[in-house]
Amino acid sequence: MFHNTLPCSRHTPSDPRGERTVSQVVAAVLRDLRDEYEELDRLLADATDETWARGTSAPRWSVAHQVAHLAWTDRAALLAVTDPDTFATEAAKALATPETFVDEAATEWARMPPATLLAYWREGRELLLTALESAPVDSRFPWYGPPMGIASMASARLMETWAHGQDVADALGSARVPTARLRHIAHIGVRTRDHAHRLRGLTPPAAPFRIELTAPDGTLWCHGPEDAAQRVTGPALDFCLLVTRRARAADLAVTAEGPDAAHWLTIAQAFAGAPGPEPVPRPPHERTAAGKG
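Numbering (full-length UniProt numbering), first residue to last: 1 to 293.
To be clear, the hints were calculated from the coordinates, so they are not data collected in a lab. Treat the numbers as computed from the prediction; the structure is a model and nothing was measured. Backbone N, C-alpha and C fix where the C-beta goes; we use that ideal spot for every residue, glycine too. Careful: at least some of the hints might be erroneous.
[Claimed, not checked] Okay, the calculated beta carbon distance ranges per label pair: (1) D227 x R122: 25 to 35 Å; (2) R54 x E123: 20 to 30 Å; (3) S139 x D41: 39 to 49 Å; (4) T89 x P146: 14 to 24 Å; (5) D85 x D138: 34 to 44 Å.
Based on the provided sequences and hints, a complete structural model is requested.
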């Protein structure tokens, strides 16, 4: 849960973790997830058939593939929350073909007529939100990686919706205004530092890093000890584009101090599974827009 990330200044960090109950934290994350869903929905509201067929930065994936993937994953999450045994069976089938099952599911569901796919995504995400809102706050759900609690599941769905929403926005030529919801994605990006190393057969650095990210409102979000030798700084938006592998470090305003931190920026990954292809270079005007975060 992102509430472990500290809003801070360079000299007087504060810790708000005791200010909210677990129920309040869960409710806040679920509100943010709903808002993230609705932002992407607004991008798609006036989409034509040509728009749905338009290619995105993901090889062979159209806008329809992006939404189909989100719809399929929301339904998988719903199954994990409401029927863990059936989810375990379906997950085993998917994980038997880890290199292809994501593409296969997206390709199959993308064949739906756009209006049908949009309605199906809307229905599935609403069912998921309702199931998460109704679950006991200490619930744990199975997933393709370690089990997750409500806030972790919601944060993961928000992260994926935002990342694939970025693919859609890029394909449509739409600019999105960064919001405080980025804090969930940034938190996952920081928490998966060691995971990104292990995915590539590397030993994670032993020492913690200091991460200081400038939020959309100009405040700082901080992780790690202030005196850490390895440091990463930059706009929260850029960091989120980096850890969701939507942009390369070279095209962003995220900087590192120390060799371990610099290497991490080349492999950072907030999501489970294979890293996939390298992000495509962003044109200079897009680099500038991202760098302003």
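Do the hints match the structure? See the list:
Take D227 and R122: their Cβ atoms lie about 48 Å apart, and the range 25 to 35 Å is violated. Distance hint for R54 and E123: a CB-CB separation of about 24 Å, consistent with the stated range 20 to 30 Å. Hint check: S139 to D41, Cβ distance near 27 Å, so the stated range 39 to 49 Å is violated. The hint said 14 to 24 Å for the Cβ distance between T89 and P146, and at roughly 19 Å that hint holds.
For D85 paired with D138, a C-beta distance near 20 Å fails the hint of 34 to 44 Å.
In the structure shown, a violation is registered for the earlier hints numbered 1, 3 and 5, in ascending order.
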